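Protein sequences, first through last, are from chains A and B. Note that the numbering used here gives residue 54 to position 54 of the first sequence, counting from 1, and the numbers run on in steps of one. Note that the numbering used here gives residue 481 to position 481 of the second sequence, counting from 1, and the numbers run on in steps of one.
In case anyone wonders, no lab produced these hints; they're calculated from the structure. A quick note: this is a predicted structure, and the numbers were derived from the prediction, not measured. Some hints could be false.
Straight-line distance between alpha carbons at most 20 angstroms, and here's what the computed DMTMM-like set of lysine to aspartate or glutamate pairs gives [to be verified]: (1) A:K103 to B:E196; (2) A:K230 to A:E269; (3) A:K135 to B:E341; (4) A:K270 to B:E196.
For reference, the chains in residue letters:
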Amino acid sequence: MIPVTVIGGYLGAGKTTLINGLLSAEADTLGRRLAVLVNDFGAINIDAKLITAHDGDTISLANGCVCCTIADALGDALDKVLAMPAPPDHIVIEASGVANPAKIAMYGQGWPGLSLDAIVVVADGETVQGRADDKFVGATVRQQLAAADLLIMNKMDLLSDTQARAAHAWLEQQAPECRILAARFGELPAAVLLGQHAAGQPQYTDTGAHDDYCAVPFKTARPMDRTRLKAQIATWPRSVLRAKGLVYLHDDPSHAYILQLAGNRHSLEKGPAWDQAGPGTQLILIGAAQAIDPTWLEQSLLSACV
Amino acid sequence: MARNMEQITVYPARVVRTMEPALPVAEAVAVRGSQIVEVGSLETMQPWLAAHPHKIDDRFRDHVIMPGFIDPHLHPSMAAVLLPMHFITALEWHLPWQEVPATRGHNEFLDRLKAIDLEIADPEEPLFSWGHHPIWHGEVDRQTLNGISTTRPIVVWHRGFHVLVVNDAAVAWMGMDEADGERHPQVNMAEGRFFETGLSLAYRYFNPYILAPDRFEGGLNRLREVVHHGGHTTIGDMAAGMFDLNMEWDALVKVLERDDTPFRVQMIPPGFRSGGGAVDGDRLIERTVGLRQRNTHRLRFYDHVKLFADGGFYAGLMQLGPPGAIDGEAGEWMTPPETFEQVARVYWNEGFKIHVHCTGDLGVELALDTLEKLQWERPRFNHRFTIEHFGVSTPEQVRRMADLGALASVNIYYVHELGDAFWRHKLGHERASQMSRLGTLARHNVTTALHTDFTMAPALPLNSAWVAATRISEAGHVMGPEERLTLDQALRAITIDAAYILGLEHEIGSIRAGKTADFTILGQDPYEVGAENLREIPIWGTVFEGRPFPTKLEG
Chain A
1 MIPVTVIGGY LGAGKTTLIN GLLSAEADTL GRRLAVLVND FGAINIDAKL
51 ITAHDGDTIS LANGCVCCTI ADALGDALDK VLAMPAPPDH IVIEASGVAN
101 PAKIAMYGQG WPGLSLDAIV VVADGETVQG RADDKFVGAT VRQQLAAADL
151 LIMNKMDLLS DTQARAAHAW LEQQAPECRI LAARFGELPA AVLLGQHAAG
201 QPQYTDTGAH DDYCAVPFKT ARPMDRTRLK AQIATWPRSV LRAKGLVYLH
251 DDPSHAYILQ LAGNRHSLEK GPAWDQAGPG TQLILIGAAQ AIDPTWLEQS
301 LLSACV
Chain B
1 MARNMEQITV YPARVVRTME PALPVAEAVA VRGSQIVEVG SLETMQPWLA
51 AHPHKIDDRF RDHVIMPGFI DPHLHPSMAA VLLPMHFITA LEWHLPWQEV
101 PATRGHNEFL DRLKAIDLEI ADPEEPLFSW GHHPIWHGEV DRQTLNGIST
151 TRPIVVWHRG FHVLVVNDAA VAWMGMDEAD GERHPQVNMA EGRFFETGLS
201 LAYRYFNPYI LAPDRFEGGL NRLREVVHHG GHTTIGDMAA GMFDLNMEWD
251 ALVKVLERDD TPFRVQMIPP GFRSGGGAVD GDRLIERTVG LRQRNTHRLR
301 FYDHVKLFAD GGFYAGLMQL GPPGAIDGEA GEWMTPPETF EQVARVYWNE
351 GFKIHVHCTG DLGVELALDT LEKLQWERPR FNHRFTIEHF GVSTPEQVRR
401 MADLGALASV NIYYVHELGD AFWRHKLGHE RASQMSRLGT LARHNVTTAL
451 HTDFTMAPAL PLNSAWVAAT RISEAGHVMG PEERLTLDQA LRAITIDAAY
501 ILGLEHEIGS IRAGKTADFT ILGQDPYEVG AENLREIPIW GTVFEGRPFP
551 TKLEG
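I would like the entire structure built from these sequences, with the hints used as guidance.
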């Protein structure tokens, strides 16, 4: 199944800039081919570097009127992407500025061939508090923030340190469970925004130019207890943004289980049988460089082993 | 001139209700070609008759002639999807091909479904029913529907379109992988239930069937009958191209642009289709103006455009101001407020007549804030900025509408069908009883039309006028008596004032010399039978552009 990342947030928060960053020539998407569905502009932009352009396809998402959804433009667009001769490795949907991203994310939770990676919500650090009090859109903005798995406080270049701290504190109040990342121009590594490569084997160990983030690899041949692992994950600090990899479970030693974590959202799903190399847990965790404690995380994971 | 040699036809009637205050009641109307030459009595029209060949046509001697009814806001394409379905509804529906009785009670619903299953000859044909409502019919699920049939695909569609339920045979017919439904948060595969966003997954499999050209055209043919039987001679398609403009246009021209279609359709296109993003004004104008090149005799685009503020009323997605909804649910914006203003400015500055879908009072507030800003920047008179639907509003907003020159096109059926439900579950009594506040509009002289948003309400103008003048809910409560219209105001709202909303008041909407000869022919006089009996008045048929069109029941 192709993972879907939904990028939400109010008008002007920087969603498009963030997505353009992912599509730019410099972006390291870890070898993935991305398809981007931009519903604000009524166009499907397929990553030009990797996939032949599909001009002329348009989508327009009708918010709010159930009868209009009989003509399901986003569903049609997703089907077109899925039907391409070489389907992409990852789909990014830019939600409309007034959409509830949790609703768009439902496409990753039941549409044939798609799985939900995460809901990433971008907030304009400078204006988000004012918007949240706006008589027209206040409720919409708060709903968007509450839907986030990863919350990006963008436009940090426009904020003084004091303002940034205040904005961060305010966002924490709005989404107490959520991972909040600071960014300028929506610049964040693809591994943070989209997670690891879908193929299963962790490949990403280098955060490159992004000193703010680091990757923590973990490996063990000991089987893990499912319940204890879940309990440990629940204790991880918010500085852990992403985790992905294969898990060797005590209760089903013949199959690999795929762990995916994006902010608050995580899943542990049955994967293929272990190959000839034999079973063994292999994970990559990605976190905020200043805050993450690799030793603590390693201990946490080891304590889930049988 | 050949045109003037055409014979005049005089229709004497029991009474002609012209809806012209200068001459409200007459005895006969004289028509030449598609035009009215005089309304009055046989005596007063003698100079015309003496000067030109004429005949007296007595067929309406015992009938009442009114201006052709106008519904300025309905959705032919949505109707084309719905009308091929089997109606099983809590309230009765009068359809030209069928009287749909009120079905209430769980067993009664299932009995009706079983009866329809037995009526359909082809055992493979899917059975789509519409109108289910748990309040009336209890819950049905996959097992219940398996009890109706294990072989025929059955799809039970909720009255408000936001839930549908299928049986095993339907799941098999759809060809969907049940695992997809099982992992969807808004699908319950065990119960066969798809709701809210889960509907998209069902539509994925249904659409090739329900939007197939043959079925869609069949649905439009039924729409054509519905519109005729309701007594309409003009309707507005208030979001032309809601599914796919080219597909719909081809079907509309094929089915409606025929010599025997007794009505015209004003096509009002959406001014902007997506959720936000950049607004390219020149391109919007070019595209919207370009649509007029398609115009045919009956199907016409004008300088009207539709914009959307907040979400659907039946879906409960209206944007409410304080104190919000009882259930605490937030509404939705269909267009971001900033984008709404940008798009409205583009059309305002080009002189367009803007219609805004507003269901909640916050939606109305956005539309009026925007209108006020545009009036400040570039004042316009006679701009016909129209609030469409007008579910929840405040009295102050009506006053502001009057100040700003805004008009209203109101779905009054909300009061009848949703009044009790919204009283108990959504708004409380005070606001639910004042939904669609027509009385306040009338007190502020805001020109107001009634519409049905068909298929959201039955496309029966006399039924709309009945609700407007009585405000009787489906449970029999009078909801907000101060917001009733008088009988005359209600009838104006389906004739001359509806014509004004569409910018066609100089051609249609009343009976006077020079206007188009569009009439609705009634079996009784609305002014005699009174408001409470309006919806019972038999409709003989219509006269469209001078030609009589009896309904099938009459013919």
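| Would the pair A:K270 and B:E196 pass a check requiring their Cα atoms to be no farther apart than 20 angstroms? | violated, 29 angstroms
| Given the hint that A:K230 pairs with A:E269, does the C-alpha gap stay at or below 20 angstroms? | Judged against 20 angstroms, a Cα distance of about 12 angstroms means the pair holds.
| Holds or violated: A:K135 to B:E341, with C-alpha atoms at most 20 angstroms apart | Given that 20 angstroms is the threshold and the Cα spacing comes to 15 angstroms, the pair holds.
| query | Taking only the CA atoms, is the gap from A:K103 to B:E196 under or equal to 20 angstroms? | reply | holds, 9 angstroms
Violation of the numbered hints given earlier is confined to hint 4; every other hint is satisfied by the structure.
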